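Produce the complete structure using the sequences and hints provided.
All the letters of the sequence shown, read from the start, carry residue numbers 0 to 177 under numbering that gives the first Met the number 0.
Since the hints were made in silico from the structure, they are not lab data.
Please note: incorrect hints may appear among the correct ones.
Once the Cα atoms are required to be at most 20 Å apart in a straight line, the calculated EDC-like pairs of lysine to aspartate or glutamate come out as [to be verified]:
#1 Lys-53 - Glu-71
#2 Lys-53 - Asp-72
#3 Lys-45 - Glu-168
#4 Lys-45 - Glu-99
#5 Lys-45 - Asp-72
#6 Lys-110 - Asp-157
On a predicted model such as this, the values are computed, not experimentally measured, just so you know.
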Amino acid sequence: MSNTRHIYQICSFVLKFLKDILQEKKTEYIKLGPWGGAEGDDWSFKPRSSGVFKGIEIGHGVVIDSLVFISEDENGQTQNSGRIGGGGGSVQKIQFSQGEFLTMISGTKTKFDETKVVGSLNFKTNMSMYGPYGQANGSPFSIPIRGAKIVGFFGRCDTLVNAIGIYVEPSTTTTTST
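Right, here's the structure in full:
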């Protein structure tokens, strides 16, 4: 059995287990991660209730310098996270289509000037794959989600993105392809 398939099976089992727990506690999401270093200030971004991600801006060069998450609520009001991290690197923008939602992030964690940081990122949706952003040096991580969707992000940052994790919302109607 391939490692990727094994990881998917484990994640599916864990998500089903956590979904059952969440239904009992009426919690809205599961927090997974973060991956990366322990330094920097905590950050978190979740769209307002019923909000959806509209895009992501990624500042990157050798590593992930910054992130900006953009969402829209049910009234069409735009919300963004503000810049998470520093001002370095070149900025690329991801614009999501109507009905597109995040199903996976992957990337690498590495050291930059002796600080553990997020080295690279990829974002997968139910429609497309985006990335890699940054350089894929270091230890890989992958967070595939089945039967759920990514509804927010959290982590740590300073002048770079030191760590990233995800908020996941279980859903019986959300599926992803492998």
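Tested hints:
1. Restraint check for Lys-53 and Glu-71: the C-alpha separation of about 6 Å stays at or below 20 Å, so the hint holds.
2. Distance hint between Lys-53 and Asp-72 is fulfilled; the C-alpha atoms sit about 10 Å from each other, no more than 20 Å.
3. At roughly 11 Å between alpha-carbon atoms, Lys-45 and Glu-168 fall within 20 Å of each other, so this suggested pair holds.
4. Of the supplied pair hints, the one linking Lys-45 and Glu-99 holds, its CA atoms being roughly 16 Å apart against a limit of 20 Å.
5. For the suggested pair Lys-45 and Asp-72, the alpha carbons sit about 11 Å apart, so the restraint of at most 20 Å is met.
6. For the hint pairing Lys-110 with Asp-157, the CA-to-CA distance comes to about 14 Å; that is within 20 Å, so the pair holds.
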